[in-house]
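Keeping the supplied structure of chain Z fixed, place chain W upon it in accordance with the hints.
Going line by line, the protein sequences match chains Z and W. Using numbering that gives the first Met the number 0, the letters of the first sequence correspond one by one to residues 0 to 433. Using numbering that gives the first Met the number 0, the letters of the second sequence correspond one by one to residues 0 to 335.
If you're looking for bench data, these hints aren't it; they were derived computationally from the structure. Since the structure is predicted, the reported quantities are computational estimates derived from the model, not experimental observations. Where hints are given, some of them may not hold.
Claimed, not checked - Restricting the straight-line Cα-Cα distance to at most 25 Å, the calculated cross-link-like pairs of lysine to any residue (SDA-like) are:
hint, chain 1, residue 1, chain 2, residue 2
1, Z, K241, Z, T251
2, W, K285, Z, K181
3, Z, K217, W, S276
4, W, K285, Z, G128
5, Z, K207, W, S276
6, W, K240, Z, T338
7, Z, K207, W, Q303
8, W, K108, Z, R427
9, W, K286, Z, L157
10, Z, K207, W, K164
11, W, K240, Z, A407
12, Z, K150, W, V302
13, W, K286, Z, A407
14, Z, K181, W, K286
15, W, K108, Z, E299
16, W, K237, Z, R427
17, W, K108, Z, D331
18, W, K240, Z, T251
19, W, K285, Z, A407
20, W, K286, Z, G128
21, W, K164, W, K286
22, Z, K207, W, L301
23, Z, K217, W, K164
24, Z, K181, W, S276
25, W, K285, Z, T338
26, W, K108, Z, V216
Unchecked claim - With beta-carbon atoms standing in for the labels, derived distance ranges:
hint, chain 1, residue 1, chain 2, residue 2, range
27, Z, T337, W, D150, 32 to 42 Å
28, W, S65, Z, T220, 40 to 50 Å
29, Z, I101, W, F182, 34 to 44 Å
30, Z, T220, W, W183, 51 to 61 Å
As the list claims (entries may be wrong) - So these bits of chain W aren't anywhere near chain Z, every CB distance computed over 10 Å:
hint, residue
31, F12
32, S41
33, L58
34, W61
35, P81
36, L126
37, P133
38, K153
39, T188
40, I209
Each residue gets a CB set at the ideal place from its N, CA and C atoms; glycine is no exception.
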Amino acid sequence: MNETLRNVFLFAFVAGLIVLSGVMQSWNTAMVIVNMGLVSAVMSLGLNLQWGFAGLFNVGVMGFTALGGLATVLVAMPPVTEAWAAGGWRIMLGLLFGAAVIAAAAVVRYRMRPSRRRAAAMVTILVVGFFVYRWIFDAGVQAVEAVDPAKTGYLGGLGLPVVLAWPVGGLLAAGAAWIIGKAALGLRSDYLAIATLGIAEIIIAVLKNEDWLSRGVKNVTGIPRPVPYEIDLQSDPGFVAKAEAMGFDPVTASSLFVKVIYAGFFAAVVAALLVLAQLALKSPWGRMLRAIRDNEVAAEAMGKDVTRRHLQVFILGSAVCGMAGAMMTTLDSALIPTTYQPLRYTFLIWVMVIVGGSGNNLGAVLGGFLVWFLWVQVEPMGQWFMATITAPMAEDNALRVHLLESAAHMRLLTMGVVLLVVLRFSPRGLIPEK
Amino acid sequence: MDFLNAIVALSNFVLVPAIAYGSQLALGALGVTLIYGILRFSNFAHGDTMAFGTMVTILMTWWLQSMGVSLGPLPTALLALPVGIVGCMALVLITDRVVYRFYREQRAKPVILVIVSIGVMFILNGLVRFIIGPGDQRFADGERFIITAFDFRKMTGLQEGLALKTTQGITLVTAVIVVALLFWFLNHTRAGKSMRAYSDNEDLALLSGINPDRVVMITWLIVGALATVAGVLYGLDKSFKPFTYLQLLLPVFASAIVGGLGNPLGAIAGGFVIAFSEVMVTYAWKKVLGHLLPESLEPSGLVQLLSTDYKFAVSFVILLIVLLFRPTGLFRGKAV
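If we strip away everything but chain Z, and leave its shape as in the complex, we get:
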């Protein structure tokens, strides 16, 4: 029971921290932390599948998260019919043609015997195909992006309920993971790391540049929400009466209410994923993964298909990250490609998994909450700290001004220190793997 008690204590401690910030700052802040903490927990559960279960070194979490965000736009935004009429079909044709070119090159590669002629044929198909593809595709893109660029200038989505985007985001991420896994798994672990780092940057580059798809740096805002809008709640007399009965003013109550519903949605996802991940961990499949992780050669000698299992778990973990990305974009109701930065969306998730305890699902959830809390709260703490130590200095002292201005960057430093301290003194994390 000792272990259970310890876990309960750890979770209670983090919950206490959040409640404390609710009391000291505002309940709104606390709920923001809870919501993003839940999303972070999903991400770290996904990464824990890959790293904790199977020892795969994925540093492309950011890319899969961003794909989830894209899924939200593609599913929930209303379609822009003029754009489809102007060039949407041409873009689709271009993409199909591009896929056909790649397929043709692949067929040539498999059907012909290795020779100079085969290489020449492949290169010709690819080069000619590329130019034809650009010819079809570019005109479509131009037409689409010319449709009311200040408001739309993209194809829009399907106009379906936004919650559908969560599984779709998972699927998109899974597709990307399949491609990258096919190429880089089975090679050395460092290669997978660099490959995932690369694919993440590429996905972000696509989101930033393909305006017809995601409006690029013009951002997509106002994505439909699965919850009521604050304004509507504030004008609903029933709601206002209830809020006042509970002693809240309607504005605070409405924003809290919305956040609580989000938290309910997210908590359901986290709970479901946690149960599934626990079942997977205890299943023969989970044992096999851990056996592969601990000794690949021995597992292979027992007849386990190491590369296939790796591919499987890599796709699963990435899909979970994609889902988290879709949830996050739903929470923000906006897709802003420039906010995706590797330190925040990839390496911070790594800190969560390592701090929580790699290989332990509960640890991943705990790490998600704790590290997210620190990430948010270190900034005000840093401001306060800097203000305290610089208090004796003169108001316009250059050093003081610099320190106060730079306090925001303390969070990166803190994360690094937290990661190193945990790795040094408790390398198995707060809730170690059994």
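Chain W in isolation, oriented as in the chain Z frame:
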């Protein structure tokens, strides 16, 4: 049809920038590859090590500039460079002593060291942003061009100009000197030979009385110097921004892997392969083709294969191709 003009345009927009960028990448990749060869892990903090060395150099440059010291036509940063190198060497030695040594003595798995280097990356990134701020810093001064496009046109009477920036010239000269020094060191000195021996076969090297702590220390010193030089050259040529240096990690690693991890010669070749493909794929070929093709065939579009924002995609695709067909890199690297 005008070959001369086409060649000049090609040199101006593709060859010269790619050679400069390639040298910068090669220097960065040499650092990564040395760490991989000797300490046997992929150092994710390398981009931020570069940023740190560059930051020290920039601060020193500003101080020198405020004192009125300058190198005339050359950038003042060259005077500040030794200070930056020493600062960076001190930093890597401290991180090694405080962080990495513990895991080395435990003989931790390489992947643990990689995660540790992620922690170091966070700290360095925070430190650099804390000291110099996250914004863009320009610190190049002195003469901007060795030859401007205008002068070149006047000299040769050609329609196209070839501009050679001072920073590009300095990059090339410095890179050649640094690489020559490095290879001389590795091949002709006792310390260099012991480094190579340690990299090839650790146990055998230990048996023959090579002091591992010394090898590791020398490696870090060299890496600190290489990282600073690479970072300063890149910063002079483009500009310094902490986030850009973090992103440099990808092309730098791609260069090291394409060449074969752990192989210094490969790192240089890889750097140029990556740089040339990045520049060539994202360059708009309209001008060059316009000179080469008869008027009737002149392209109407820009003939740019990919927009410049996709340069990461290029290094990535090259990396994948090499990994698929030659998993140990162009020059056989290590496989740990």
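Hints, one by one, checked against the model:
Taking the CA atoms of K241 of chain Z and T251 of chain Z, the gap is near 13 Å; set against the 25 Å cutoff, the hint holds. A distance of roughly 37 Å separates the Cα atoms of K285 of chain W and K181 of chain Z; the hinted pair therefore is violated under the 25 Å criterion. Distance restraint check for K217 of chain Z and S276 of chain W: the Cα-Cα separation of roughly 29 Å exceeds the 25 Å cut-off, and the hinted pair is therefore not satisfied. Between the alpha carbons of K285 of chain W and G128 of chain Z the distance comes to roughly 20 Å, so the proposed pair stays at or under 25 Å and holds.
Only pairs whose Cα atoms come within 25 Å are accepted, and K207 of chain Z paired with S276 of chain W is accepted, the gap being roughly 22 Å. Of the pairs offered as hints, the one joining K240 of chain W and T338 of chain Z holds, with about 17 Å between alpha carbons and a cut-off of 25 Å not exceeded. In summary, the hint linking K207 of chain Z to Q303 of chain W is supported, as the alpha carbons are separated by about 18 Å, within the 25 Å threshold. For the suggested pair K108 of chain W and R427 of chain Z, the alpha carbons sit about 14 Å apart, so the restraint of at most 25 Å is met.
For the given pair, K286 of chain W sits about 42 Å from L157 of chain Z by alpha-carbon distance, which is inconsistent with the 25 Å threshold. Our distance criterion of 25 Å between C-alpha atoms is broken by K207 of chain Z and K164 of chain W, whose separation comes to about 31 Å. With a C-alpha separation of about 17 Å, the suggested pair K240 of chain W and A407 of chain Z falls inside the 25 Å cut-off, and the hint holds. For the proposed pair K150 of chain Z and V302 of chain W, the alpha carbon gap of about 29 Å is over 25 Å, so the pair is violated.
A distance of roughly 46 Å separates the Cα atoms of K286 of chain W and A407 of chain Z; the hinted pair therefore is violated under the 25 Å criterion. In summary, the hint linking K181 of chain Z to K286 of chain W is not supported, as the alpha carbons are separated by about 39 Å, beyond the 25 Å threshold. Restraint check: the Cα-Cα separation between K108 of chain W and E299 of chain Z comes to about 20 Å, which is no more than 25 Å; the hinted pair holds. Of the pairs offered as hints, the one joining K237 of chain W and R427 of chain Z is violated, with about 42 Å between alpha carbons and a cut-off of 25 Å exceeded.
Under the criterion of a C-alpha separation no larger than 25 Å, the hint pairing K108 of chain W with D331 of chain Z is inconsistent with the structure, at around 40 Å. Note on K240 of chain W and T251 of chain Z: the hinted pairing is violated, with a Cα-Cα distance of about 40 Å set against a maximum of 25 Å. Using a Cα cut-off of 25 Å, the hinted pair K285 of chain W and A407 of chain Z is violated, with the two alpha carbons roughly 46 Å apart. A hinted pair counts as satisfied when its Cα atoms are at most 25 Å apart, and K286 of chain W with G128 of chain Z qualifies at roughly 23 Å.
A C-alpha spacing of about 21 Å is found between K164 of chain W and K286 of chain W, which places the hinted pair at or below 25 Å, so the restraint holds. A distance of roughly 21 Å separates the Cα atoms of K207 of chain Z and L301 of chain W; the hinted pair therefore holds under the 25 Å criterion. With a CA separation close to 34 Å, the supplied pair K217 of chain Z and K164 of chain W exceeds the 25 Å bound. Pair hint K181 of chain Z plus S276 of chain W holds up; C-alpha atoms about 24 Å apart against a cutoff of 25 Å.
With a C-alpha separation of about 34 Å, the suggested pair K285 of chain W and T338 of chain Z falls outside the 25 Å cut-off, and the hint is violated. With a CA separation close to 41 Å, the supplied pair K108 of chain W and V216 of chain Z exceeds the 25 Å bound. For the pair T337 of chain Z and D150 of chain W, the supplied restraint of 32 to 42 Å holds, since their beta-carbon distance comes to about 40 Å. Checking the proposed 40 to 50 Å range against S65 of chain W and T220 of chain Z shows it holds: the Cβ atoms sit about 45 Å from each other.
A beta carbon spacing of about 42 Å between I101 of chain Z and F182 of chain W agrees with the range 34 to 44 Å that was offered as a hint. At about 58 Å, the CB distance of T220 of chain Z to W183 of chain W agrees with the hint of 51 to 61 Å. Every CB of chain Z lies more than 10 Å from the CB of F12 of chain W, the least distance being 20 Å, so the non-interface label holds. Listed as a non-interface residue, S41 of chain W fails to keep its Cβ farther than 10 Å from every Cβ of chain Z; the least gap is roughly 5 Å.
Every CB of chain Z lies more than 10 Å from the CB of L58 of chain W, the least distance being 12 Å, so the non-interface label holds. Residue-level check passed: W61 of chain W sits 13 Å from the nearest beta carbon of chain Z, beyond 10 Å. Residue placement check: P81 of chain W keeps its beta carbon more than 10 Å from all beta carbons of chain Z (closest about 26 Å). A beta-carbon of chain Z is positioned within 10 Å of the beta-carbon of L126 of chain W; the least distance is around 6 Å.
Listed as a non-interface residue, P133 of chain W fails to keep its Cβ farther than 10 Å from every Cβ of chain Z; the least gap is roughly 7 Å. Listed as outside the interface, K153 of chain W is consistent with that label: its C-beta sits roughly 38 Å from the nearest C-beta of chain Z, beyond the 10 Å cut-off. Taking the minimum C-beta to C-beta distance to chain Z, about 29 Å, the non-interface status of T188 of chain W holds against the 10 Å cut. With a least beta-carbon separation of about 25 Å from chain Z, I209 of chain W lies farther than 10 Å from that chain, consistent with its non-interface assignment.
The structure fails hints 2, 3, 9, 10, 12, 13, 14, 16, 17, 18, 19, 23, 25, 26, 32, 36, 37 (numbered hints given earlier, in ascending order).
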